[in-house]
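Residues per chain, in single letters:
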Amino acid sequence: ELKVEQNPLFLSMQEGKNYTIYCNYSTTSDRLYWYRQDPGKSLESLFVLLSNGAVKQEGRLMASLDTKARLSTLHITAAVHDLSATYFCAVYSNFGNEKLTFGTGTRLTIIP
Amino acid sequence: GAGVSQTPSNKVTEKGKYVELRCDPISGHTALYWYRQSLGQGPEFLIYFQGTGAADDSGLPNDRFFAVRPEGSVSTLKIQRTERGDSAVYLCASSLGSGVWGYTFGSGTRLTVV
Numbered sequence: 473e474l475k476v477e478q479n480p481l482f483l484s485m486q487e488g489k490n491y492t493i494y495c496n497y498s499t500t501s502d503r504l505y506w507y508r509q510d511p512g513k514s515l516e517s518l519f520v521l522l523s524n525g526a527v528k529q530e531g532r533l534m535a536s537l538d539t540k541a542r543l544s545t546l547h548i549t550a551a552v553h554d555l556s557a558t559y560f561c562a563v564y565s566n567f568g569n570e571k572l573t574f575g576t577g578t579r580l581t582i583i584p
Numbered sequence: 003g004a005g006v007s008q009t010p011s012n013k014v015t016e017k018g019k020y021v022e023l024r025c026d027p028i029s030g031h032t033a034l035y036w037y038r039q040s041l042g043q044g045p046e047f048l049i050y051f052q053g054t055g056a057a058d059d060s061g062l063p064n065d066r067f068f069a070v071r072p073e074g075s076v077s078t079l080k081i082q083r084t085e086r087g088d089s090a091v092y093l094c095a096s097s098l099g100s101g102v103w104g105y106t107f108g109s110g111t112r113l114t115v116v
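Those protein sequences? They're chains W and H, same order as listed.
Residue numbers for the first sequence follow my numbering, so the first one is 473 and each next one is one higher.
Residue numbers for the second sequence follow my numbering, so the first one is 3 and each next one is one higher.
Chain H with its partners taken away, still in its complex shape:
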């Protein structure tokens, strides 16, 4: 596609529920990243995929968070047993190779846990 697409744009869920956030990167971009941005803060790294594999998942806060990219294109970030502290904007980015030419961010999914 022309840009990085994220769905849904907004998600409200109850505490304890399971959510999935989807990212469709720019066609041909091999690298895909998830970041989380809390209000008034800069984005924080969660996980990086090169192709289908998670090359670096050091930013995932705990084992309730998991992400997949089974065919090397679309990625899904999965959050189990959501907590109010998970409320944030989840941003996805993709790049061609290692990002020397820059990273393109999607418009994000605003997750609110009530």
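Just chain W, with the same shape it has in the complex:
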């Protein structure tokens, strides 16, 4: 059974600082997704990572995928308040079914 772990679960950081959220998963996969969720809202797609070594950047966020280590990172550069949200990674299993398995999420709070 595919398991997905994120850490940290909670992160409070000051504006202007850098930090990284980690997503580890337990079985072979070469497709990983990052989503943002604001309170009471649905999931907003941030990145789709489709191969080992994939790196994508959008504004102050950068995501990478290492399929050998079964690890993805979401790096935040010079955080600003409007990045406060919960971030989820979701892993697509290579073993025939089509479902995504989500991590428990990282609740990020940016302090002015």
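Any given hint could turn out to be false.
The calculated DSS-like cross-link candidates involving lysine-lysine, where the alpha carbons are at most 25 Å apart (straight line), are [said to hold, decoys possible]:
1. W:Lys513 x H:Lys80
2. H:Lys13 x W:Lys513
3. W:Lys475 x W:Lys540
4. W:Lys489 x W:Lys528
5. W:Lys475 x W:Lys528
Per the computed footprint, the stretches of chain H lying under chain W, defined by three or more beta-carbons under 8 Å from a beta-carbon of chain W, are [said to hold, decoys possible]:
6. 11-23
7. 43-51
8. 68-82
Hints were generated in silico from the structure; no laboratory data involved.
Cβ atoms here follow ideal geometry from the backbone N, Cα and C, with glycine treated the same way.
Following the hints, complete the assembly by docking chain H onto the known chain W.
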């Protein structure tokens, strides 16, 4: 439509009642998914449709839950004899083919069983 539409946005029902939740996917998206998100948790997979057929229903928790997609577009998630533990946000997502280009989620239906 422009996005994935879910109705109702909120539903309060009494324990034991029957509810239906509707999802209207993005036009042309052949794949449709239902997930359930409990408070403070990540979404959990319920069922996946490719066209009209349920290709994977392994996430449905028990036989009180059932979903249909009769014409390959709109889907309805049906819950019989609701229990308080069914309270959650039910999310629908759709994708073009196998999701290589990503999945688009709807805004969800918040179900509260009292």
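Do the hints match the structure? See the list:
A C-alpha spacing of about 22 Å is found between Lys513 (chain W) and Lys80 (chain H), which places the hinted pair at or below 25 Å, so the restraint holds. Our distance criterion of 25 Å between C-alpha atoms is met by Lys13 (chain H) and Lys513 (chain W), whose separation comes to about 16 Å. Taking the CA atoms of Lys475 (chain W) and Lys540 (chain W), the gap is about 16 Å. The hint holds against a cut of 25 Å. For the given pair, Lys489 (chain W) sits about 20 Å from Lys528 (chain W) by alpha-carbon distance, which is consistent with the 25 Å threshold.
This hinted pair checks out: Lys475 (chain W) and Lys528 (chain W) have alpha carbons roughly 23 Å apart, not beyond 25 Å. Only when three residues or more bring their CB closer than 8 Å to a CB of chain W does the claim for the region 11-23 of chain H stand; here the count is 0, and the claim is violated. For the region 43-51 of chain H, the stated coverage by chain W is satisfied: 6 residues place a CB nearer than 8 Å to a CB of that chain, which reaches the threshold of 3. Coverage of a stretch by a chain is defined here by at least three residues with a beta carbon nearer than 8 Å to that chain's beta carbons; for the region 68-82 of chain H and chain W the count is 0, and the condition is violated.
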